[in-house]
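Asks: Place chain P on chain D using the hints.
Number of protein chains: 2
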Amino acid sequence: MTTSTPQPTAVRAGTGLGHGYVHGYSPTEARRLGDQADTLAGLVHTGTAYPPGSRVLEAGCGVGAQTVHLLDSSPGVLLTAADISADSLAKARARVAAHAPGADVRWHHGDLHRLPFPDDSFDHVFVCFVLEHLADPAAALAALRRVLRPGGTLTVIEGDHGTACFHPLGRAAQRVVDHLVRLQADGGGDALIGRRLYPLLGDAGFRDVAVGLRTVSADGARPALVESFTRRTFIAMVEAVRADAVAAGLTTAEEFDRGVAELRRTAEPGGTFHYTFFKAVAVNP
Amino acid sequence: MTTSTPQPTAVRAGTGLGHGYVHGYSPTEARRLGDQADTLAGLVHTGTAYPPGSRVLEAGCGVGAQTVHLLDSSPGVLLTAADISADSLAKARARVAAHAPGADVRWHHGDLHRLPFPDDSFDHVFVCFVLEHLADPAAALAALRRVLRPGGTLTVIEGDHGTACFHPLGRAAQRVVDHLVRLQADGGGDALIGRRLYPLLGDAGFRDVAVGLRTVSADGARPALVESFTRRTFIAMVEAVRADAVAAGLTTAEEFDRGVAELRRTAEPGGTFHYTFFKAVAVNP
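Line order of the protein sequences matches chains D and P.
Going by our numbering, the first sequence opens with residue 1, and the numbers climb by one from there.
Going by our numbering, the second sequence opens with residue 1, and the numbers climb by one from there.
Isolated chain D, as found in the complex (with noise of 0.2 angstroms):
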């Protein structure tokens, strides 16, 4: 599947460049989302608690990372969880049997443009850091308005790599920064999306569109979080595509390493570092 595809882009479909998942599917990367998860339950989950005996649909749940705190809010709900990937698939489900081995969910293999349940399946639709990763995002919203009953939410994440705030502002680092935002849109995605959920919901047909930002803030009164956040979280994404930049001659690897180098400094006493979700909940009227 290449960018020139006119079709939707399948999620988290294919590993490195010009393909869905900008981050790539190893052992590394599942564990980097599992420690995103858990440092960002609060900030992503808070707010959103179904009621027992609700019908919840989870688009593209990759390896579980999100499930299992979508979980803990909300017991006794129905879960459908989703995704592309068999592997992530098995992965969630290996997760979730452990974090929560009474928890009712049915575990789908499919794209979620094609999903195959009939229309107004479910009361709510929950959706995390997947709309950036696809190339048609309000083909994919389209889709799961069809299986979301009249008067269900949607709720969506997902972040903004326009918003990494910095000190100290190394332009190397700033770079490595620009270059992750490149490579997500060589692949059809867009790290930039937080700023247009607003839009790009209502152009689907949703109604009530609220969308919330939630300010992940890490400096010396933060220990947990620069080691949680700055280090295991961004600079590692980052640094999880240094051969793509590299191969697509965005840059040398000498300089992509100086932008990392700049900044781990954000992480170091006196850095501070900063990033913005935003967390969009809508009505399917």
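By construction, these hints were calculated from the structure, which means they are not laboratory data.
The structure presented is a predicted model; accordingly, all values stated were derived computationally and were not measured.
Watch out, some of these pointers could steer you wrong.
Just the calculated beta-carbon pair ranges, DEER-fashion [what the hints assert, rightly or not]:
no.	chain 1	residue 1	chain 2	residue 2	range
1	P	Glu-255	D	Arg-171	16 to 26 angstroms
2	P	Ala-138	D	Arg-146	56 to 66 angstroms
3	P	Gly-110	D	Arg-31	51 to 61 angstroms
We put the CB at the ideal spot given by N, CA and C, even for glycine.
Replies: Okay, now just chain P, sitting in the frame of chain D:
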């Protein structure tokens, strides 16, 4: 006063390019500051309430745009409001007289680096949108710490133009924001100061530094905020440096206007605009 002066640049001294207060002192600017303060009052002042009888210094009160809100949140304080501009101070005095005629306010015309008050004169110091305009904010913080009693608190609120995040993301729009940052730097200030409040306060000898981020998010769901923040605060601030940006050779009038037109689209249906303020509270040990 120029940026090559080795002494600390005074607060809001002078107008235009190469001098302290990048936004100037026009009636339009005074009105913009009032609009901005009213829009952001909750964001800026929430969490700041000093007990009646507290000796409070507002350093750099300008035209009193924040002063009236400070007095609303902390009735009964003994306020000293200081500014280097006699004209601004007169406006602040009139504003407070109209808004809070019974308030106990001493007005001080002078440089916050050389306040004539004895050591430990105040229980609390409040500084809002001031450090960003100073050539040496560390020196200012040291001068403020001298007049703050041990155990007293310092509150600092600043913006950071690097957090401006908008959709549609036009290149010309991003450039005019960058010009504003550059002009403020040429004047000896730092429009990206928010991200470094944490180390600045720590290095100045304050303890228990806690920085919270407060984001304005304006989209179609919040039309009043689109009008008051995106249009009348942020875009108005950008437009006010048009002549300076052209005079400095950063841009042409035509290119600048294209950038402003792109920024205006973020305030139209489907557009979004986000900006983050940094609020730091710290203790004088």
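Asks: If a hint holds in the structure, say so; if it doesn't, say that too.
Replies: Outcome of the hint check:
The given range of 16 to 26 angstroms is respected by P:Glu-255 and D:Arg-171, whose C-beta atoms sit roughly 23 angstroms from each other. The supplied range of 56 to 66 angstroms is met by P:Ala-138 and D:Arg-146, whose beta-carbon atoms lie about 58 angstroms from each other. At roughly 57 angstroms, the beta-carbon separation of P:Gly-110 and D:Arg-31 lies within the given 51 to 61 angstroms, and the hint holds.
The structure meets every hint from the earlier list without exception.
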